[in-house]
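Following the hints, position chain B against chain A.
Taken in sequence, the protein lines are chains A and B. Going by UniProt numbering, the first sequence opens with residue 1, and the numbers climb by one from there. Going by UniProt numbering, the second sequence opens with residue 1, and the numbers climb by one from there.
Because the hints were derived from the structure by calculation, they are not lab data. All C-beta atoms, glycine included, are put in the ideal place defined by N, C-alpha and C. Mixed in with the good hints, there may be bad ones.
To be clear about the criterion: a stretch of chain B counts as covered by chain A if any three or more of its residues have a C-beta under 8 Å from a C-beta of chain A, and this derived list gives those stretches [what the hints assert, rightly or not]:
1. 90-97
2. 267-281
Once the Cα atoms are required to be at most 25 Å apart in a straight line, the calculated BS3-like pairs of lysine-lysine come out as [to be verified]:
3. LYS181(A) x LYS37(B)
4. LYS363(B) x LYS88(A)
5. LYS37(B) x LYS117(A)
6. LYS369(B) x LYS117(A)
7. LYS363(B) x LYS117(A)
8. LYS27(B) x LYS182(A)
9. LYS153(B) x LYS37(B)
10. LYS363(B) x LYS118(A)
11. LYS37(B) x LYS182(A)
12. LYS221(A) x LYS401(B)
13. LYS153(B) x LYS117(A)
14. LYS153(B) x LYS224(A)
15. LYS30(B) x LYS182(A)
16. LYS362(B) x LYS118(A)
17. LYS181(A) x LYS27(B)
18. LYS99(A) x LYS362(B)
19. LYS181(A) x LYS30(B)
20. LYS401(B) x LYS223(A)
21. LYS99(A) x LYS363(B)
22. LYS118(A) x LYS37(B)
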Amino acid sequence: MDYLYDGSFDGLLTSIYYSYYEQRAQGIYPEASYQFNMFTPSTVIQSDPVLAARVYDAIDRKISVYSLMQIYYVYLSNNTAKENLILKYLQLGFQLGPKIDSIHSHPEVLPIRQTAKKVSFEAERFLGLLRFTDTRSYLYSALEPDHNILILLADHFADRLAGERFIIHDKKRSLAIICNKKDWYLSDFSEEAAIPDSETEQLYQELWAKYFTRISIENRKNKKLQSHFIPQRYRHNLVEFRKSELL
Amino acid sequence: MSTLERLAVLADGAKYDVSCASSGVNKQNKGGIGNSKSFGICHTWSADGRCVSLLKLLLTNYCIYNCHYCINRNQNDIPRASFTPREVADLTIQFYRRNYIEGLFLSSGIERSPNHTMERIYQVLDILRHEYHFYGYIHVKVIPGADPALVNKTGLLADRMSINIEQPTEQSLKLLAPQKTLPVLFAPMNQINNQMTQNASERKIFRHVQKFVPAGQSTQMIVGASKDSDLSIIKATETLYNRFQLKRVYYSAYVPVNEGPNLPALSTSPPLLREHRLYQADWLLRFYSFKADEIVNEQSPFLDTDFDPKISWALRNMQLFPLEINQASYEELLRIPGVGVTSAQRIILQRRLGNISYNHLKKMGVVLKRAKYFITCQGCYYGGIPAESALVRQALAPVAKPVQLCLF
Chain A
1 MDYLYDGSFD
11 GLLTSIYYSY
21 YEQRAQGIYP
31 EASYQFNMFT
41 PSTVIQSDPV
51 LAARVYDAID
61 RKISVYSLMQ
71 IYYVYLSNNT
81 AKENLILKYL
91 QLGFQLGPKI
101 DSIHSHPEVL
111 PIRQTAKKVS
121 FEAERFLGLL
131 RFTDTRSYLY
141 SALEPDHNIL
151 ILLADHFADR
161 LAGERFIIHD
171 KKRSLAIICN
181 KKDWYLSDFS
191 EEAAIPDSET
201 EQLYQELWAK
211 YFTRISIENR
221 KNKKLQSHFI
231 PQRYRHNLVE
241 FRKSELL
Chain B
1 MSTLERLAVL
11 ADGAKYDVSC
21 ASSGVNKQNK
31 GGIGNSKSFG
41 ICHTWSADGR
51 CVSLLKLLLT
61 NYCIYNCHYC
71 INRNQNDIPR
81 ASFTPREVAD
91 LTIQFYRRNY
101 IEGLFLSSGI
111 ERSPNHTMER
121 IYQVLDILRH
131 EYHFYGYIHV
141 KVIPGADPAL
151 VNKTGLLADR
161 MSINIEQPTE
171 QSLKLLAPQK
181 TLPVLFAPMN
191 QINNQMTQNA
201 SERKIFRHVQ
211 KFVPAGQSTQ
221 MIVGASKDSD
231 LSIIKATETL
241 YNRFQLKRVY
251 YSAYVPVNEG
261 PNLPALSTSP
271 PLLREHRLYQ
281 ADWLLRFYSF
291 KADEIVNEQS
301 PFLDTDFDPK
311 ISWALRNMQL
321 FPLEINQASY
331 EELLRIPGVG
341 VTSAQRIILQ
351 RRLGNISYNH
361 LKKMGVVLKR
371 AKYFITCQGC
381 YYGGIPAESA
391 LVRQALAPVA
401 KPVQLCLF
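So here's chain A without its partners, still in its complex pose (with noise of 0.2 Å):
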């Protein structure tokens, strides 16, 4: 039986719930991108936040906080298969216990631990190349990160510009981070905000291009380098990339 959720996190654990108590799952898919055929049956799962918050529980309690995290990073990554690995990974995590999280090198953690690490990886990047625009009332940033990341900035920036309001928005998922001085929420987003580029604005800029290119010394130079720590993809979303010509 393939199981197909509704593409959230509660719907997958939902799920999982249901492979334990109902019917064993074979797959878990999300509803939206899910390729019939004729040989596997398929049932679609309502998600239910108190089963969901069932197996949340009994992975705090009977895996570890460890995992659970693993797995919430793997839910957010855009690997195609990750609901199958998170779905193996716990089969193996409620016989073995805490213990799994010792054995680094098993076909169903490896998986997991090299997912969750692209994640984490990529959120710890955008803690630095994320670029606020000022709009004199409020800060924006635009990006366009490969997994999910955005739910894992929220907490360090609202911390970090306590006092201002800014939003920061994944173009590539229409959704976006808003946060008024002092709380935060995820919701969808997609109106491409029409920034007034104020003059004050357009002054820092280029004062950070300026210092951008300013800082590298010539003998040292090594574009390779560079492109290994910042690929040609995010580069589009940087101020100092967009001006740095031009200077």
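Quick look at chain B alone, frame taken from chain A:
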């Protein structure tokens, strides 16, 4: 001069300082702007591949000193500029709000006297911390020769402080920076270290004592401007770590910016490979519990350019290998070339649940290409050639890049 031009001049003067870390302290925002993460955050990477995490700036590039290797020495005919403390503070805040930077790295030429310069550096920190309530990262240069009281009150506002030692030995310092001496550089280092220790013990009793330089202190040495060997550099590094508990010692491959009788020619390219090897050796000191004597010695005072220092050490000590992965202690695992801190920890954890096979090792992040000559796994040796120094050396030697034959 416009702000744009002054920023260009003063960033130019500061770029040869290699310290870039914004790590070592976790701070929450307590009603102002900014916080700090102890893992440090890089915000961008410049065209030379170096990370940009802090706004690295000189307050002024006027300087009364004439250190031979320095771009800002007083006899150089270069554009000069200064920022006021308020300008630096405003620039920091505006860059920080836009998430361009993680904080400020402030250094300065010495315009009139060490005390005058140190006082101005303090003013920047005073505006940032007390007026803007800035909780981000601040690294400042201590000006050697400044009043200890000034250093103290600046240290209460900064996260990290550093004094550049510049040269590993007294002789080369005398040759290249005649106005500086090691005791003058060591005095503030010693003061900061003592106060950090004292501050830590006070904070155990009184929770609200203000932190003094919570991210510790660092220093920098220039590599390749003088004739010093790697031995003297690594020895000096070890002494600095032991004596002053420094968080980091940075190495900066000398980029020739001045001409002089005691300096390498302007056409010399910076010794980047040597710098790289020194950083590798530095990691062995800090994270792999190596001693300086094990890395270099009187017989071979320079690091091997073909091999990293850990392989070189292992090749000199083949009698200790091969080690059994399932039995070696954590310290022994760390000494195997190709095994790092992470994979050593993974091996220790997974070993408790069962034997580790050769196939597991790759998945744990062990670089078998190097490690296979130094280990056995469940009693088996997978190197393929006898574990003898000369043979392994040959097997691990870097392959020469093929060069296109050319008639002209």
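These are the hints, each one checked on the structure:
| no. | hint | verdict |
| --- | --- | --- |
| 1 | 90-97 | holds (count 4) |
| 2 | 267-281 | holds (count 3) |
| 3 | LYS181(A) x LYS37(B) | holds (21 Å) |
| 4 | LYS363(B) x LYS88(A) | holds (19 Å) |
| 5 | LYS37(B) x LYS117(A) | holds (19 Å) |
| 6 | LYS369(B) x LYS117(A) | holds (24 Å) |
| 7 | LYS363(B) x LYS117(A) | holds (14 Å) |
| 8 | LYS27(B) x LYS182(A) | holds (18 Å) |
| 9 | LYS153(B) x LYS37(B) | holds (23 Å) |
| 10 | LYS363(B) x LYS118(A) | holds (16 Å) |
| 11 | LYS37(B) x LYS182(A) | holds (20 Å) |
| 12 | LYS221(A) x LYS401(B) | holds (21 Å) |
| 13 | LYS153(B) x LYS117(A) | violated (42 Å) |
| 14 | LYS153(B) x LYS224(A) | violated (43 Å) |
| 15 | LYS30(B) x LYS182(A) | holds (13 Å) |
| 16 | LYS362(B) x LYS118(A) | holds (18 Å) |
| 17 | LYS181(A) x LYS27(B) | holds (19 Å) |
| 18 | LYS99(A) x LYS362(B) | holds (20 Å) |
| 19 | LYS181(A) x LYS30(B) | holds (14 Å) |
| 20 | LYS401(B) x LYS223(A) | holds (20 Å) |
| 21 | LYS99(A) x LYS363(B) | holds (18 Å) |
| 22 | LYS118(A) x LYS37(B) | holds (20 Å) |
Hint violations for this structure: numbers 13 and 14, all remaining hints satisfied.
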